[in-house]
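Number of protein chains: 2
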Amino acid sequence: MLAQIGRNVTARRTNSREKILAAAAEVSRESGAGNLSLDAVAQRAGVSKGGLLYNFPTKAKLMQALVQYYLDDYEVSMARETDPNSAMPKTALQAHIEFSREFCEKPPGAASGILAAMADDPHFLDPLCQFKRRLLDRLKSEARDPLRALMCFLVLEGMTSLDLFEMDVLSNEERELVLVRLAEEAEADKNHAAASA
Amino acid sequence: MLAQIGRNVTARRTNSREKILAAAAEVSRESGAGNLSLDAVAQRAGVSKGGLLYNFPTKAKLMQALVQYYLDDYEVSMARETDPNSAMPKTALQAHIEFSREFCEKPPGAASGILAAMADDPHFLDPLCQFKRRLLDRLKSEARDPLRALMCFLVLEGMTSLDLFEMDVLSNEERELVLVRLAEEAEADKNHAAASA
DNA sequence: TTTACTGTACCGTCTGGACGGTATTGTCAA
DNA sequence: TTGACAATACCGTCCAGACGGTACAGTAAA
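Protein chains in written order, with this note's numbering: chain U, 33 to 229; chain S, 33 to 229.
Possibly wrong hints are sitting among the right ones.
One copy or two, either will do: identical chains are not told apart, so a pair holds if it fits within one copy or between any two.
[Stated by the list, open to error] Below, computed lysine-lysine pairings styled on BS3-like, alpha-carbon distance capped at 30 Å: (1) K91 <-> K172; (2) K93 <-> K222; (3) K164 <-> K138; (4) K51 <-> K172; (5) K138 <-> K91; (6) K93 <-> K172; (7) K138 <-> K172; (8) K91 <-> K122; (9) K51 <-> K138; (10) K172 <-> K81.
Hints listed in this document are in silico derivations from the structure and should not be mistaken for laboratory results.
Start from the sequences and build out the full structure, keeping to the hints where you can.
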């Protein structure tokens, strides 16, 4: 019977939530961040509108979850890459560079949810703002030269924002060139930190 | 005095158009980029809805004008600052830095219209995308080192995108530090170009 | 007379979300 | 073990209101 599949209640819900979140990002990308309707999301997610509202009681809750989803994803990656117990722990800057690369290589508009949230109410981006500030502080504190760290941060910020808007301004070669250059910078920082330790 | 200025028909219209464009940006900022309604814009601009639709027959036309308005502003500034006949002609990079500084110093969300256009339909940003690509090519061609130019471009892109989203990530000091650093870079480029000429 | 509007009334469509229902699973006393 | 009840995870329908856009009559300046 179906019962043999260990699909317990929680897993069911979690699955639905993720499906809905992914669907919301897709719809946002396709119909414009400001035209995200619950009906469209529900349909795309293969869920009824009632089911959608069950998981996210209001549209605002959905938007918040969309931002949080992105943040959690980052936080997990960052923790994993910089884990001092791992074989090759990275510095925060190295991890950030890697994450930015992945961000740009992801299917276009994977983070369109962020835009949808912003379109609805700019305050939904407040957690993202605080997150970025904390990240920047960490990058500055780990670097030889805080200004360089700041510049690196902004370069990546520029790159990812172009990507977020799906503005194909940079070629792949240009992107790669920049990432390699930043990686060198990060490597130098790392060696410096190791030497002075 | 003011009456002596022949406020002709065109000027009247132009005035209305600018008032509407400014109002649209304000409304976009206040109610979220995706919640820009024609009624709200008309009210804010002190224009009837009929008058709004007289100037911009459809919402799409308004959005396009919003983007074009920003682009024209930039183009005019750029032409003025880099005019070889002026006393102190700047390089494109120097002008771009200056423009980015002004962008960040403007009243918050002066360019929210861009976000509103994007929220409605991402394709409205196509002209902006092409514009950025042309700018980047110009910066690269004028610089000693194309990669450095690209990095400078991205730093400014990151700075202005944070500003566009009204994410107060950078302090004023940090912004100034970055701007000064970029200005030095641009100055070095300029001297190099002058020496090799 | 033309231009550049104002003001009002209206229409069709879409949207968030409230609501009532239902099937499945979990709990727990008898 | 079972039967009553409750919680979970949805489905499908409905509706008041908002929105973009149209139509049209009026007006004030050039």
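These are the hints, each one checked on the structure:
1. K91 <-> K172: neither (37 Å within a copy, 44 Å between copies)
2. K93 <-> K222: Neither: 40 Å inside a chain and 52 Å across chains, both beyond 30 Å.
3. K164 <-> K138: Result: close both inside a copy and across copies, 20 Å intra and 22 Å inter.
4. K51 <-> K172: Neither: 37 Å inside a copy, 43 Å across copies.
5. K138 <-> K91: For K138 and K91, only the intra-copy Cα distance (26 Å) is at most 30 Å; the inter-copy one is 32 Å.
6. K93 <-> K172: Answer is neither: 33 Å inside a copy and 44 Å across each miss the 30 Å cutoff.
7. K138 <-> K172: both (27 Å within a copy, 27 Å between copies)
8. K91 <-> K122: Intra 38 Å, inter 49 Å, cutoff 30 Å: neither.
9. K51 <-> K138: Within one copy only: 17 Å inside, 41 Å across.
10. K172 <-> K81: Cα proximity of K172 and K81: none, with 46 Å in one copy and 50 Å across.
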